[in-house]
Amino acid sequence: MSVPTLARPAKKLPRAFYIMVLPAFVLFLVFHTVPVLTGIYYSFTNYAGYGEWSFIGLSNYINLFRDERILNAYGFTFLFAIVSTIAVNIIALSVAMALNSRIKFKTGFRGIFFIPNILSILIVGYVFNYLFSNSVPAIAEALGINALTSSILASGDTAWIGVVILSVWQAAAFNIIIYLAGLQTIPGELYEAASLDGASAWKQFSTITFPLIGAFFTINMVLSLKNFLQVFDQIISLTGGGPGTSTESISVLIYRGGFQGGEYGYQTANAVIYLFVIIAISFIQLRILQRREASF
Amino acid sequence: MTATAYSAERSALKNDGRDRSAHRPDRRQINWWLTALVAVLSLTVFIPLYFTVVTALKTPDQLGGSGFGLPTDPAWGNFAEAWNLTDFPRALMNSALITVGAVLLTLLTNSMVAYAIARNMHRKLFKGLYFYFIAALFVPFPIIMLPVVKETALFGLDNQLGLILLYTVYGLSFNIFVYVAYIRSIPMELEEAAITDGASTWTVFWKVIFPLLGPMNATVGILTCLWAWNDFMLPLVILSDPSAQTLPLAQFIFQGQFNTNYSVAFASYLMAMAPLLLVYLFAQRWVISGVMRGSTK
Chain W
1 MSVPTLARPA KKLPRAFYIM VLPAFVLFLV FHTVPVLTGI YYSFTNYAGY
51 GEWSFIGLSN YINLFRDERI LNAYGFTFLF AIVSTIAVNI IALSVAMALN
101 SRIKFKTGFR GIFFIPNILS ILIVGYVFNY LFSNSVPAIA EALGINALTS
151 SILASGDTAW IGVVILSVWQ AAAFNIIIYL AGLQTIPGEL YEAASLDGAS
201 AWKQFSTITF PLIGAFFTIN MVLSLKNFLQ VFDQIISLTG GGPGTSTESI
251 SVLIYRGGFQ GGEYGYQTAN AVIYLFVIIA ISFIQLRILQ RREASF
Chain B
1001 MTATAYSAER SALKNDGRDR SAHRPDRRQI NWWLTALVAV LSLTVFIPLY
1051 FTVVTALKTP DQLGGSGFGL PTDPAWGNFA EAWNLTDFPR ALMNSALITV
1101 GAVLLTLLTN SMVAYAIARN MHRKLFKGLY FYFIAALFVP FPIIMLPVVK
1151 ETALFGLDNQ LGLILLYTVY GLSFNIFVYV AYIRSIPMEL EEAAITDGAS
1201 TWTVFWKVIF PLLGPMNATV GILTCLWAWN DFMLPLVILS DPSAQTLPLA
1251 QFIFQGQFNT NYSVAFASYL MAMAPLLLVY LFAQRWVISG VMRGSTK
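So the protein lines, in turn, are chains W and B. Our numbering applies: residue 1 is where the first sequence begins, and numbers increase by one. Our numbering applies: residue 1001 is where the second sequence begins, and numbers increase by one.
No lab work stands behind these hints, which were simulated from the structure alone. Remember, predicted model here, so these are calculated numbers, not experimental data. Beta carbons: idealized from backbone N, C-alpha and C, even for Gly. Heads up, some of the hints might be wrong.
DSSO-like, lysine-lysine: derived pairs with alpha carbons at most 30 Å apart [as the list claims (entries may be wrong)]:
#1 B/K1207 with W/K12
#2 B/K1207 with B/K1150
#3 B/K1150 with W/K226
#4 W/K226 with B/K1127
#5 W/K104 with W/K203
#6 B/K1124 with B/K1207
#7 B/K1124 with W/K12
#8 W/K12 with B/K1127
#9 W/K203 with W/K106
Simulated restraints, written as ranges between beta carbons of each label pair [as the list claims (entries may be wrong)]:
#10 W/K12 with B/F1210: 43 to 51 Å
#11 B/D1061 with W/P243: 26 to 34 Å
#12 W/Y18 with B/A1096: 17 to 25 Å
#13 W/A154 with B/L1041: 22 to 30 Å
#14 B/T1044 with W/E52: 37 to 45 Å
#15 B/L1278 with W/S54: 53 to 61 Å
#16 W/S150 with B/I1047: 14 to 22 Å
#17 B/L1278 with W/Y18: 55 to 63 Å
#18 W/A142 with B/A1036: 55 to 63 Å
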């Protein structure tokens, strides 16, 4: 790309531009990069968060892979994140398509579906907690549905489903709006031409809608998975990581072990692994998803 | 920037959430079945909200059962009790202060940094800086969490001011990304005219560019506001003084005290959700178009 300014006689860049970025650079370095680097540094130590510490090489990393609790946290977090990502994208795209079609009160519905995104997940989580533990069992009992008469949060096998429901309820709001923005970039004429050619609704979806919102699908898939892998507020308000440690996510474990469990060095090692996992997954996803994107 | 990229950018800008369907001729065939289905689906949003309101208005002996029934005699006292128990005014003030501070500081600084980067992308230093900020989008917070707590405590920033600063700094990654894309779609001619008239770089930014950033400022402002207001993790780890508690943090801290009385707890939840819900009620269209604009970048 040729930049017009290059053609002109080389002028010295005004100092103002440097002054504009300098404070931001320094603050970002101090509050973002330095913590990342100190985190990596402490991951090679047995630092408890206080007191004396010494270097222990790669021990933390080796122990991580033998630690039931850590493996359990990764297992739960991935199960939760993958299920939620798929569910939220299917639901959000369906709702967005409904909102983009010939229905009444579009703007009103659009406004309603966005409400969950303006509420604090923690507080909504407390409300859902009560619903799951008290209301749902009471309703199930009245209707004679035995499977739901005890709280889903009370069993280690089903508690994760509660976390998925809360997370999907909240995250769908934002994804619906993104998909809607994507759907509105598709020219209506394309559909008119397709229906003249006699293309079925499914055909129109698979050959026009889906390929043309590819970029938005990519954004939503990558961001949802990345956000769900960092699940924290939902766990704190809904299950507290329990029953037992069945819904303890990686973030919750790092927080608990690092601040309360005297495992500062150990949990920073966990966080370093976690960093690489997130980066690797984001890139793999981007590569796969971008390959099948189309544009017009 | 090439001409085609530029016009694509422009058309994306125009498409800021306005209903495209308004141009379509087939307005008259409203699909009522689908409308009904969407209406039923929208109940999923209302059910937890309805439940919060009715529970907040009940006395403890009216709880139980499914909990969806209306309160027989609204117990307004729950709100007074929650108000005093959680020291609601103070938490509200803290949340408001932190949110307003974070939004203002973000708008003023992040746009300026993005301007310097956007206009110097052909220079290695600025391009490097751009990718340096953006790369942080992939860094999960937990790796920063433990060390940054020690750092803020060391600098005496384990308070409201520290949070304002952190939201502004951590927001840079995403905000720079959307601002730079937007600024690069603004023609250079305007600035060049101002420079020929002898304006300094600062004047050009504040008098020419910043006023043009209105739509992007709205997007960034809305997203920062939602984040800072509802965030739980940063206040949880950063704030050391209980008097600095934000609204979500207060709900967490008082869980123990609520346990015996769900009605008071729900009154407290409702009060914590209400301010932003009220704002949203009036600014709904504006909020959604702002979010949509951010996503087409």
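Status of each hint after checking the structure:
1. Our distance criterion of 30 Å between C-alpha atoms is met by B/K1207 and W/K12, whose separation comes to about 22 Å.
2. Using a Cα cut-off of 30 Å, the hinted pair B/K1207 and B/K1150 is violated, with the two alpha carbons roughly 40 Å apart.
3. Pair hint B/K1150 plus W/K226 holds up; C-alpha atoms about 26 Å apart against a cutoff of 30 Å.
4. Restraint check: the Cα-Cα separation between W/K226 and B/K1127 comes to about 25 Å, which is no more than 30 Å; the hinted pair holds.
5. Under the criterion of a C-alpha separation no larger than 30 Å, the hint pairing W/K104 with W/K203 is consistent with the structure, at around 25 Å.
6. Taken as a hint, the B/K1124 and B/K1207 pair is honoured in the structure, with Cα atoms around 27 Å apart against an allowance of 30 Å.
7. In summary, the hint linking B/K1124 to W/K12 is supported, as the alpha carbons are separated by about 15 Å, within the 30 Å threshold.
8. Proposed proximity of W/K12 and B/K1127 is supported: the alpha carbons are some 17 Å apart, at most 30 Å.
9. Proposed proximity of W/K203 and W/K106 is supported: the alpha carbons are some 25 Å apart, at most 30 Å.
10. In this structure the hint that W/K12 and B/F1210 lie 43 to 51 Å apart at CB is violated, the actual value being about 24 Å.
11. Taking the beta carbon of each, B/D1061 and W/P243 are about 29 Å apart, inside 26 to 34 Å as hinted.
12. The beta-carbon spacing between W/Y18 and B/A1096, approximately 35 Å, falls outside the hinted interval of 17 to 25 Å.
13. Against the hinted window of 22 to 30 Å, the Cβ-Cβ separation of W/A154 and B/L1041 comes to about 28 Å, which satisfies the hint.
14. Between B/T1044 and W/E52 the Cβ separation comes to about 53 Å, which falls outside the hinted range of 37 to 45 Å.
15. Between B/L1278 and W/S54 the beta carbon distance is about 55 Å. The supplied range of 53 to 61 Å therefore holds.
16. Restraint check, W/S150 to B/I1047: a C-beta distance of roughly 21 Å satisfies the suggested window 14 to 22 Å.
17. Our hint of 55 to 63 Å for B/L1278 and W/Y18 is violated, since their Cβ atoms are close to 43 Å apart.
18. Between W/A142 and B/A1036 the CB atoms are about 26 Å apart, so this pair departs from the stated range of 55 to 63 Å.
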